[in-house]
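Q: Each chain is listed here by its residues.
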Amino acid sequence: MKPISLLHRQSGSTLVIALVTLTALALIGATLLDTVGPRYNATQKAIGWSEALYAADAGADYALANCRLSLSSGAWTGWKKYNSGTGTWVTVTSMADATAQLAAGNKIIYDLPSGSHLSGSGEGTTDLWFHVEVDAPASFFINSNQWYRIRSTGYAGLAGLARANSDGPGGQSASNVLRKYDLKTDHFIMRYGDYANAAGTRVAVAPQATRRIEVIVKPNTPFSLAFLAQVPQFERVDLATMRVCGVFQWIFGTTFSMILE
Amino acid sequence: MRFATFFRSDEGGSSLVELMVSAAVATLILGGLITSGVALKNTYNACDEYYNGMSDQMRVLDNIALDMRRAISGNVSNTAQTLTLTLPNYLDTSGTNPTPRTPAISTSGVVSYGSGNPTVVYTLAGTSPNQTITRTYTPTTGAASTTTLTAATEDYAFTCVNPANTGSTANFSFGGSGQPSSVKITMTFKPRFNRLTLSSTRTATSASITPVLRNHL
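Just so you know, the sequences run in chain order A and B.
Reminder that position 147 of the first sequence reads as 147 in this note's numbering, one-by-one numbering, no gaps.
If you want this note's numbering, it's the position in the second sequence, counting the first as 1, plus 1000.
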């Protein structure tokens, strides 16, 4: 009787075991990515939402600086006014033009040019910009002094897919709760309208976080200050940098700051 | 006889001792696999719960920071575990779409939006170990609405103190003349997955913010 060879039974399992092992590892890896990915996405978008407020503050600061500059020269460069004849927003021709628009109760606006966006590296958003509007309603003429209203909207570009994870408690998708990411449309325009669109208008956007603040700007007249002062351009109001001069000079400051969202 | 011996030696190897040894090894391997699988699952759940706790924590602190920055004034009751904020009546919600109001400015320079002021109250609700944090918004007209900001699994808690006197948990008001212009808010949660139930498990999750009221007097 011929002996039975066991050699062939000891081969052929390696490939199967390798495939099973690889499948198991792939499943573990996929589960891990499926878990970590949305959380990373949620955290990054939340950081972007926080940073959008800095952009809105920067816009308000820029407008406030122009209010101050309007007392010397160089203010409102690049700002736009509404041309009712053409129904478009056109660049103001001069500081006097912008000032006349404000005096007439009209709004002037400014969009940070794409080449000047506030950029960052590292975690969170890498692209920040703002849109700011300034006007002076008739009711803002107090004690013979003109007050101004600044509405600044800060934007943070959100990287990644148009998804909002964990914005609601328990990981639910409840974007209306707090951060209101603009994943497909601009929710501010949709809800409140803006200078160019009525409320309810759907304006498609790339994923972004948006914050809006309103600042009421109060003039500080020479009579409310201890001495007359002139503020050098693009410098903060600081007693150390003020110098006594022979002309009446107003220094504008914020008196009320409202964060809409 | 030779013939039979040949086959026995070739097909053997399953003696009782060998069987027991192989069964023991198999049990060890299987036990190890099951134990590591369970440990992996527990770790996954623990990390998931911890992330959810941190996510809720970030949401609550972001909510409070938003409301604090736009608030006019408020008060803290660490006794009742509440933070109450008075907000400007900025939005006119009487129409189809909410509309930002134009403020009235008095001759003395006081800015006010609309009449009356909405309030927001942050409250610690429920009992340990299922404490949650809620936000109740009360408009000047209409019914109040309450939103639960956290999931009920991590036993949340928060304290509010005067940044100038962090050692005291006494109740206080802020935003008014001569009152603090900011509040330090510390929020913690207690992860469900912990072996030793140490008090430090809660302390380790502590996160604080100190937002300033932009419109304080």
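What the hints contain is simulated information worked out from the structure, not anything from laboratory work.
Note that beta-carbon positions come from the ideal geometry of N, C-alpha and C, so glycine has one too.
Some hints could be false.
What the hints assert, rightly or not - Here's a subset of chain A near chain B, in silico, CB distances under 8 Å, partners left out:
#1 42
#2 46
#3 86
#4 88
#5 92
#6 192
Stated by the list, open to error - Simulated coverage check for chain A against chain B, where a stretch passes if three residues somewhere in it have a Cβ under 8 Å from a Cβ of chain B:
#7 136–145
#8 206–219
Q: For each hint, tell me whether it holds in the structure or not.
A: Status of the hints after comparison with the structure:
no., hint, result
1, 42, "holds, 7 Å"
2, 46, "holds, 6 Å"
3, 86, "violated, 27 Å"
4, 88, "violated, 24 Å"
5, 92, "violated, 23 Å"
6, 192, "holds, 7 Å"
7, 136–145, "holds (count 5)"
8, 206–219, "holds (count 3)"
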